[in-house]
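> Sequence:
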Amino acid sequence: MEYAKRFLALVLIVLGLVSISQVKDNKKASDDIKLVTYDTIDLVQRVKEQREYNKIHDTKEEVVEEVIIEVPRYHGLTRDEVVNKASLFLNSSLSGTAPIFVDYAIQRGVDPLLAIGIVLQETGCYWSCSSLVNYQNNVGGMMGYGGALSFPTLDDGIRAFIDNIANNFVAYGLTDAYSMNPKYAEDPLWADRVTAYINKIIAA
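Residues 14 to 217, numbered by my numbering, are exactly what the sequence shown covers, in order.
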């Protein structure tokens, strides 16, 4: 009987220790759950705060594409530079006509400095224009079967002159004074003189 009592007491002690251990384990588990819960709440809070920050400080980066536009150049000069420099040489009756020469030459694929160089060689106008310009609106010394050509207006004469270069020279690959010389003029030094005018305009 005494033995049975001792055994029962031992069983109760073991059960008590187990209960205490389970309580500790449950407490630890509970603490772990609380910790996980706190971490989750903290994470959610941080996400909310980050979204709010992004909303307030939303700065979208604008992507700007760089567009490079190549400006056409004629002997290293822009269209405006050619007009300004050529205006210094086209005087007398051709004063103020540089934009017409330059723009129409560019439109027809003719070197504008070449066209103006030919005009200066053929009909002057650096100081005073020849009678062909003054009375016949013929700016390039253009000749027909009946002699020097005449045009109703100066603009008509300028356009006809550039058309002549485009159609009868540039169209055949004669794009500079030297390649044009044999066909345009009998003087073998004609190209040198035209080129000298071109260089003066460039250097002005």
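Everything labelled a hint here was simulated from the structure, so no lab data went into it.
Among the clues, some could well be false.
Here are the simulated DSSO-like cross-link-like pairs (lysine-lysine), alpha carbons at most 30 Å apart as the crow flies [unchecked claim]:
#, residue 1, residue 2
1, Lys213, Lys196
2, Lys196, Lys98
3, Lys213, Lys98
These figures come from a predicted structure and were not determined experimentally.
> Now, for every hint given, state plainly whether the structure supports it.
Here is what the structure says about each hint:
no., hint, result
1, Lys213 with Lys196, "24 Å, holds"
2, Lys196 with Lys98, "28 Å, holds"
3, Lys213 with Lys98, "9 Å, holds"
Of the numbered hints given earlier, the model fails none.
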